[in-house]
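K.L.:
Here is how the chains run, residue by residue.
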Amino acid sequence: MIVIFTTEVCCRGFWLANMEDKLLVFRCKRGSKEALGRIYEKYKRDLLLLAAALLNDTGSAEDVVHDVFVRFVEDVQNFRLTGSLKGYLLTCAANCARNRNRAASVRASIEVSPEEPAIAGSDEPAEMVVCNEQLRQLSAAMAQLPYEQREVVMLHLHAAMTFDTIAESQEISVNTAKSRYRYGLDKLRLILNHEAEK
Amino acid sequence: MKSADDKVKVLINEAKIETGSGVDERILADALSKLEKLRQKRLTWSRQNIWRITMKSPIVKLAAAAIIIVAVLIGIYLFGGSIGRTGVAWADVIRQMQQIRTATWTEVHEVFPPDDENVFVDDLGHVAQCAYKTPGRWRLDVTSKHIRGENKHIEESKKIQIWDFNAGKGLLLDPEKMTASPCSYEPELGKDSLFRTFLSPKADIPADAEPLGTKQVGGRETVGFRIRLKGDGTDFLMGDVSEIWVDAKTKRLVLAETRDAERRWVSTLKDFIFDQELDDSLFSLELPEGYKDIGPLQFMWVEPSEAK
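Same order as they appear, the protein sequences are chains V and F. For the first sequence, position 78 (counting from the first letter as 1) is numbered 79 according to my numbering, and the numbering increases by one without interruption. For the second sequence, position 112 (counting from the first letter as 1) is numbered 113 according to my numbering, and the numbering increases by one without interruption.
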């Protein structure tokens with residue numbers, strides 16, 4: 002097995018651990034369905050979970066992930082992976098979820114009573130998105146937060162994004178991102194404690 | 002605040018979501034359809050463009066050079082492929098090769114630039130001294146030639162790669178600069194792992210071996226087999242041909258040549274020595290004395306839009 006390391010093909014600052022994603026993106030650029038399927042399999046749960054927690058609706062979460070992958074393929078020729086593919090896809094999912102949230106019809110559907118979470122399944126297992134109780138609980142609690150706060154909390158805690166990155170992606174100041182996170186957590190604490198006392 | 006933070010973290014960590022196959026199909030259907038259109042478009046690319054991409058891409062080099070080694074030495078063994086459908090002679094070769102504990106060989110990778118002044122190729126090929134020791138340890142001392150700078154002078158560089166696939170670690174050494182770059186990655190031998198991804202086109206190789214008859218190689222009677230690589234559904238590796246010559250008696254590898262379909266390069270593996278004692282120090286992932294750890298390196302490749 003030979004890998005040639007030259008100044009063109011090697012650079013510092015990245016970890017070899019990202020290599021598989023880079024290879025998968027490379028193969029996607031060449032039209033490999035296998036590679037796209039592999040990317041989907043690797044990250045679908047993270048993306049669906051983020052979208053479900055943000056939108057409190059599995060149907061909308063599916064739509065978000067669908068849109069993320071369609072756009073990914075549409076732009077794959079010009080796509081250049083400079084960081085983490087997971088981070089990129091999660092940011093896309095968050096952006097997509099935000100756009101959906103802004104639409105009035107979706108807004109109405111996500112602002113449901115926490116006692117009646119919109120996360121539900123169908124009767125056909127193959128057609129189902131199955132959420133566990135913790136996700137239902139998380140989504141129900143998140144639904145009581147202003148959307149901006151949910152997004153920062155999820156991006157920071159689920160996607161492990163820094164406040165700098167979140168601020169940049171949302172075009173807000175770092176302090177605003179931190180404030181939203183802090184207020185969001187305060188409210189979540191109250192909600193979860195209240196739930197625990199029930 | 003911390004307790005709330007932790008509580009939410011725990012909840013997020015424990016939150017799980019699963020999808021049925023119908024959901025996956027629904028989500029991916031449009032993306033796959035768009036990808037198919039992209040693939041069709043790619044197939045119409047000019048040959049010149051593909052040439053540029055290929056020669057600038059270390060992935061192709063990796064796969065091409067790895068093909069014989071992995072397929073013959075460890076490919077079937079590691080990837081659990083079947084040899085039941087193939088001819089008896091080729092199956093014997095595979096069985097023999099699976100018994101190997103150590104191997105050393107030389108790889109000569111030659112590049113043939115096209116007769117086209119518009120196509121600039123900076124890679125002039127390489128020679129590598131290679132060593133393999135079970136389980137999954139590799140050492141490659143590579144001397145490569147490249148065209149560098151505005152005056153296009155030829156530069157020779159030496160690099161050493163040491164890999165332990167089982168441990169998921171590697172060490173890249175630059176003997177000229179006395180620098181070392183340790184690497185680590187997820188365990189790579191499992192299903193859908195990185196190297197599985199790299200090498201998946203080769204998993205089916207042995208079943209397609211075509212007998213080539215016999216010939217003398219270095220005074221030994223050898224039996225030949227030709228393998229045509231299938232690629233991975235794209236033009237990646239599709240049509241590349243490997244010819245493998247094994248000792249008629251021992252069924253062990255003597256010579257292997259891989260050519261790409263466009264005849265832009267040929268990779269020759271020769272001077273094989275099997276089952277000699279190889280000191281573990283050859284495959285050590287410890288920082289050698291005098292070397293400076295410069296941190297991890299990452300593979301990168303030139304994207305199509307950047308090919309010059």
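It should be emphasised that the hints constitute simulated quantities derived from the structure, not laboratory data. Among the clues, some could well be false.
Stated by the list, open to error - What the simulated footprint calls covered on chain V by chain F, stretch by stretch (three residues with Cβ under 8 Å from a Cβ of chain F suffice, anywhere in the stretch; the number is not a length):
#1 23-34
#2 39-47
#3 50-58
#4 133-140
#5 166-173
Claimed, not checked - Taking lysine-lysine pairs in the DSSO-like style, the calculated list, with each CA pair at most 30 Å apart, reads:
#6 F:K250 / V:K43
#7 V:K179 / F:K10
#8 F:K170 / V:K43
#9 F:K250 / V:K87
#10 F:K38 / V:K87
#11 V:K179 / F:K8
#12 F:K10 / V:K34
#13 V:K179 / F:K35
#14 F:K271 / V:K87
#15 F:K271 / F:K250
#16 V:K87 / F:K170
#17 F:K271 / V:K43
#18 V:K87 / F:K10
#19 V:K188 / F:K8
#20 V:K34 / F:K271
Beta carbons: idealized from backbone N, C-alpha and C, even for Gly.
K.L.:
So, for every hint listed, does it hold in this structure?
P.N.:
We went through each hint and held it up to the structure:
1. 23-34: As far as the stretch 23-34 of chain V goes, the hint holds, because 11 residues have Cβ atoms under 8 Å from chain F.
2. 39-47: Since three or more residues must qualify, the claim that chain F covers the stretch 39-47 of chain V holds, with 5 doing so at under 8 Å.
3. 50-58: The restraint on the stretch 50-58 of chain V holds, since 3 of its residues have a Cβ under 8 Å from chain F and three suffice.
4. 133-140: Satisfied; 5 residues make the cut.
5. 166-173: Since three or more residues must qualify, the claim that chain F covers the stretch 166-173 of chain V is violated, with 0 doing so at under 8 Å.
6. F:K250 / V:K43: 46 Å, violated
7. V:K179 / F:K10: 16 Å, holds
8. F:K170 / V:K43: 22 Å, holds
9. F:K250 / V:K87: 52 Å, violated
10. F:K38 / V:K87: 25 Å, holds
11. V:K179 / F:K8: Holds - the C-alpha atoms of F:K8 and V:K179 are around 18 Å apart, at most 30 Å.
12. F:K10 / V:K34: 35 Å, violated
13. V:K179 / F:K35: 39 Å, violated
14. F:K271 / V:K87: 42 Å, violated
15. F:K271 / F:K250: Holds, because 18 Å separates the two Cα atoms, which is no more than 30 Å.
16. V:K87 / F:K170: 22 Å, holds
17. F:K271 / V:K43: Not satisfied, since the Cα-Cα distance of roughly 39 Å exceeds 30 Å.
18. V:K87 / F:K10: 19 Å, holds
19. V:K188 / F:K8: 12 Å, holds
20. V:K34 / F:K271: With a Cα-Cα distance of about 36 Å, the restraint between V:K34 and F:K271 is violated, given a limit of 30 Å.
Going down the numbered hints, you'll see the structure goes against 5, 6, 9, 12, 13, 14, 17, 20, while the others check out.
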